[in-house]
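The task is simple: from the sequences and hints, build the whole structure.
One-letter residues, chain by chain:
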Amino acid sequence: MSTSTRPRDAALGTGLGRVLLLVYGTFALSASARALVQISTRFSEAPLAYLLSALAGVIYLAATVGLAVGGPRGRLIALVSCSIELLGVLVVGTLSIADKVAFPDDTVWSRYGSGYGYVPLILPFIGLWWIRYQRPSRNRDQQA
Amino acid sequence: MNGPLSVATIVVALVLAAWYFLRSALDRAPSRLDLLAMAGLSALVTVLVVVAVIGLFDGTRPSDTATFGGYLVTTVCFAPAAIWLARLEPTRWGSLILGVGAVVLPVLVLRLQQIASVIS
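Chains A and B supply the protein sequences, listed in that same order.
Under numbering that gives the first Met the number 0, the residues of the first sequence are numbered 0 to 143, in order.
Under numbering that gives the first Met the number 0, the residues of the second sequence are numbered 0 to 119, in order.
In short, the hints are calculated from the structure, not lab data.
As the structure is a computational prediction, the values presented were derived from the model and not from experiment.
Ideal placement from N, C-alpha and C gives every residue a C-beta, glycine not left out.
Take the hints with a grain of salt, since some may be wrong.
To be verified - In silico negatives: residues of chain A with every beta carbon more than 10 Å from chain B:
#1 53
#2 68
#3 90
#4 102
#5 134
To be verified - Here are the in silico distance ranges between beta carbons for each label pair:
#6 A:132 with B:56: 45 to 53 Å
#7 A:43 with B:72: 22 to 30 Å
#8 A:125 with B:76: 21 to 29 Å
#9 B:113 with A:46: 41 to 49 Å
#10 A:46 with B:62: 20 to 28 Å
#11 A:43 with B:52: 27 to 35 Å
Stated by the list, open to error - Computed footprint of chain B on chain A; a stretch qualifies when at least three of its residues, placed anywhere within it, have a C-beta under 8 Å from a C-beta of chain B:
#12 10–17
#13 74–84
The following block contains the structure:
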């Protein structure tokens, strides 16, 4: 198998990880760009929603970088950002339904990411599963 | 932005996406032909974006020109980025990358149409 020839610490960003890299990269770009437009043109309309847009952009960016860097540090970055992402999509998704006044304008995470085909809801689960699947101890077992 | 060109782009992208997903499901790495087909789609998208940019200069601008411009840049760069990643990944996941890329492109084109139709 070709995977055995790859450097072990790069495994996070290869295989399925590289698919995640493309998807996370896309979301990093779209969430950040959206926040930039929202904050620069009409920040006072819905400050909370727009700041959350910006936060989402940063989280997706961090996850992308973590996956790309790999190794213990990349894993940690990816793990933390995917966890915040999961928390964010659940909390913001719930709040955007419960409290429409605080969220007059959409973020990536509004209504569990329905505006993005619910991909923002599924993505952190796949991300976290992948990080766990690629944990170093598993590779050590294989080597021993 | 609503011409036959964008319809053709969307149809071609969806057909290719189905093909790439099938290839990935069958555990096939992207072949040379797969990559060339994606490059063809990329060329089609580039033509579409050039037409849209020319359209920006004939007086009728979308109300949100900055967003429109951002989407144009993203759209034109997306397929090449997918091809680049797919070439780094000569496994079934490379085919999945091309599939994801081909699925996102119609979304980008539809968003461009949406933004373009809101004319100030």
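Item to check | Exclusion check [residue 53 (chain A) not at the chain B interface, CB over 10 Å] | outcome: Nearest chain B Cβ is 15 Å from residue 53 (chain A), so the label holds.
Checklist entry - Counting residues of the stretch 10–17 of chain A with a beta carbon closer than 8 Å to any beta carbon of chain B, are there 3 or more? => result holds (count 4)
Checklist entry - Is the Cβ of residue 90 (chain A) more than 10 Å away from each Cβ in chain B? => result 26 Å, holds
Checklist entry - Do at least three Cβ atoms from the stretch 74–84 of chain A come closer than 8 Å to Cβ atoms of chain B? => result violated (count 0)
Checklist entry - For the pair residue 43 (chain A) and residue 52 (chain B), does the Cβ-Cβ distance stay inside 27 to 35 Å? => result Cβ of residue 43 (chain A) to Cβ of residue 52 (chain B): about 32 Å, so the range 27 to 35 Å holds.
Checklist entry - Just checking, residue 68 (chain A) versus chain B, shortest CB gap more than 10 Å? => result 15 Å, holds
Checklist entry - Within 22 to 30 Å or not, the Cβ separation of residue 43 (chain A) and residue 72 (chain B)? => result Roughly 28 Å apart at Cβ, these two residues keep to the hinted range, so it holds.
Next on the checklist: 21 to 29 Å was suggested as the range; check whether the CB atoms of residue 125 (chain A) and residue 76 (chain B) agree with it.
Outcome noted: 24 Å, holds
Item to check | Status of the given 41 to 49 Å range, CB of residue 46 (chain A) versus CB of residue 113 (chain B) | outcome: 25 Å, violated
Checklist entry - Honestly, do residue 132 (chain A) and residue 56 (chain B) meet the 45 to 53 Å range at C-beta? => result 50 Å, holds
Checklist entry - Measuring from beta carbon to beta carbon, are residue 46 (chain A) and residue 62 (chain B) in 20 to 28 Å? => result 22 Å, holds
Checklist entry - Would residue 102 (chain A) pass as off the interface with chain B, using Cβ distances and a cut of 10 Å? => result About 20 Å separates residue 102 (chain A) from the closest Cβ of chain B, which puts it past 10 Å; holds.
In summary, the structure is inconsistent with hints 9 and 13 from the numbered list given earlier, while agreeing with the others.
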